[in-house]
Every structure is written in C-alpha cells, then in structure tokens.
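Visitor: Sequence:
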Amino acid sequence: MSVSTRLSQVFLSSVKIPFDDYSRFIIMSDCHRGDAGFSDNFSNNQNIFFAALLYYYERDFTYIELGDGDELWENRNIDIIINSHSDAFWLMSHFYKEGRFYMLYGNHDVVKKDPKYSKTKCKSFFCDSINSEIPLFPDIVVHEGLILDYKPVPYQIFLTHGHQADILNDTFWRLSRFMVRYLWRPLELIGIRDPTSASKNIDRKSKVERRLADWSKKNNQMIITGHTHRPLFPKPGETLYFNDGSCIHPRCITGIEITNGSLSLIKWAVMTRHDRSLYVGREVLEGPVSIEEYILKQKAHNIA
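When you read off a place in the sequence shown, starting at 1, and then add 317, the result is the number in my numbering.
For the record, the hints were derived by calculation from the structure and aren't laboratory data.
Mixed in with the good hints there might be a few duds.
[Unchecked claim] Simulated pairs of lysine-lysine, DSSO-like, Cα-Cα distance not exceeding 27 angstroms:
id: 1; residue 1: 333; residue 2: 552
id: 2; residue 1: 584; residue 2: 522
id: 3; residue 1: 433; residue 2: 333
id: 4; residue 1: 436; residue 2: 584
id: 5; residue 1: 552; residue 2: 414
id: 6; residue 1: 552; residue 2: 535
Bear in mind the structure is a predicted one, so any value in this text is a computation, not a measurement.
Using the sequences and the hints given, assemble the complete structure.
Guide: Right, here's the structure in full:
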C-alpha cells in the first residue's frame, strides 16, 4: 500500500470532532514516556510537561496527544511507565474525566490500537498517596486519526501521528521494534544513535516530511502530525503540513495550540528572570494565524 493510500485510509476512518472559535486545543506528541531509567528521554522534561499541562487544564483546553506518548518499544510494561510518571498520568486522567482528552497512537505505542490492551492496561493505576487504585482512562478509545471539524466555515484539520509516511515504522513496525528493543537501545546508552529513526536521521526525517506534505498538497487538506520531532508551521498559501515537534527536545517541549479560531506553534522551557531565578515559561514561536486566513489563501491558490 502506498503512503498516499495509507494516509487517505486513516483520514476516511477518522472520528470527527466539531469545534468553533470558542474551542481550545493543545496538540502535543512524542513524549516517549519511559521507565525513568538512563534511556528515558522524557525524564529531563517531565517537570516542564507537567507545568504546561497544568496551564492548559486550568484554562479549559482539550489535550490531544498525537502519538508516541509512551515508549513501548524500549519498554514492555506500561505499568512501570505510569508509575514512573504518575504525576503526568494523574493530570491527564483529570482531562479524560472531564471529556477533554484524546489519545492517538504512533509507532512506538502502536499496541494501544488493540482495544483490549487500552481498556485493561490504561483503566486504572495505583496511587501511592492514597495507597489504592484510582481510575486512569477507563473505556478509552485510542485513535489512529482524528478530524477537527471547524464549524464557522466548512473546514477540516486532519490529525495523525505521521508514521504512516514511514514504511519502516508502519508496515514493518514489528521489525523496527525488535531492532530498537534489542540493538539500538543498548547502543543508545553508550551514545550511538539509531539511524533508522525518523527523528534522529536527517535524511529519513526529510523524506517523511516530503511525503506528508505531498499528501497534504495532493488532497488539498490541512494535516498536523508528529513523528519526526521537528516543528513545522507553514505560512498561509504554503503546503498545509504542520508538525507539533515533540516533548523531548533538549531543554524544551513544543506543541500547537488552537484558540479563537487560530493556530500557534508554542514552546515551553525553563526560563530565567532578571533576578536569575528560574521558572517554566511559554513562548509563541509562530502565529497566531486564523484558520480563515489559511482557507482564503488556499482558495486563492486553487483559483490561480
């Protein structure tokens, strides 16, 4: 199956979520939450992630996790991951309880596509502070794709992880998982990078991004993905392929906000005040740009 066909297949099977200018979304991906060991790339940014997510929780955002939230190639047991990052899961459980959380799977947590796995492994977790099990994501449905359906004008934003444009990590994900789990993870501990990873290999990253951009252009469709870990935010009139980056950049996390009918690329990082004290701060890297501006530019381009 071609990349174009694969992406179109996901698009056509995606659940639609209506939204308008009053809706608020934060889209982040590629947390790769691990077991808090040496190879857990999320550990360095876990406090930044919690601070950012708390900001969005208090401001009534809906959190969309766009795949690879948990590192289930290097780790077999999600219970250890949940226990290692229980504060993050506790906060995400509150989003979920209030109907403000959607989870998509990527290649590194593709096992979540099995409803039995998601509904048993993600049902509850043990809370040390009260010494008992509490609900996590009971009866959660983990999606491969979602469509944000903009109501002021007919317009759709397609969300998926993006590994569908990377055959090695999609069709042959079991082989890739085997290589990561038994070869590249041990080598990573001594500083050798995985050359098959789209996030660590520049050539592979560029190829995946071109395929996603080509699908967007061919189908005249806005798409937001993760997977490559490289943030992308096109200007109106350009190919409508966006990337939210990742939560494991050195010293920062990135994401895409949708508020007031506009999109923004944002960064969260530990920042320094004039008195040299540290704080977790938010910075807008690109935008906000209104969805209607993208629509108008797109229509003008199609007419031309």
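Visitor: Take the hints in turn and mark each one as holding or not.
Guide: Each hint tested on the structure:
1. Proximity of residue 333 to residue 552 is assessed by CA-CA distance (about 25 angstroms); at most 27 angstroms being required, the pair is judged to hold.
2. Between residue 584 and residue 522 the alpha-carbon distance is near 21 angstroms, which keeps this suggested pair within the 27 angstroms criterion.
3. As the CA atoms of residue 433 and residue 333 are separated by approximately 23 angstroms, the hinted pair is consistent with the 27 angstroms bound.
4. The suggested pairing of residue 436 with residue 584 is violated, with an alpha-carbon distance near 32 angstroms, which exceeds 27 angstroms.
5. Distance check on the hinted pair: residue 552 and residue 414 sit about 36 angstroms apart at the alpha-carbon level, beyond 27 angstroms; violated.
6. For the hint pairing residue 552 with residue 535, the CA-to-CA distance comes to about 18 angstroms; that is within 27 angstroms, so the pair holds.
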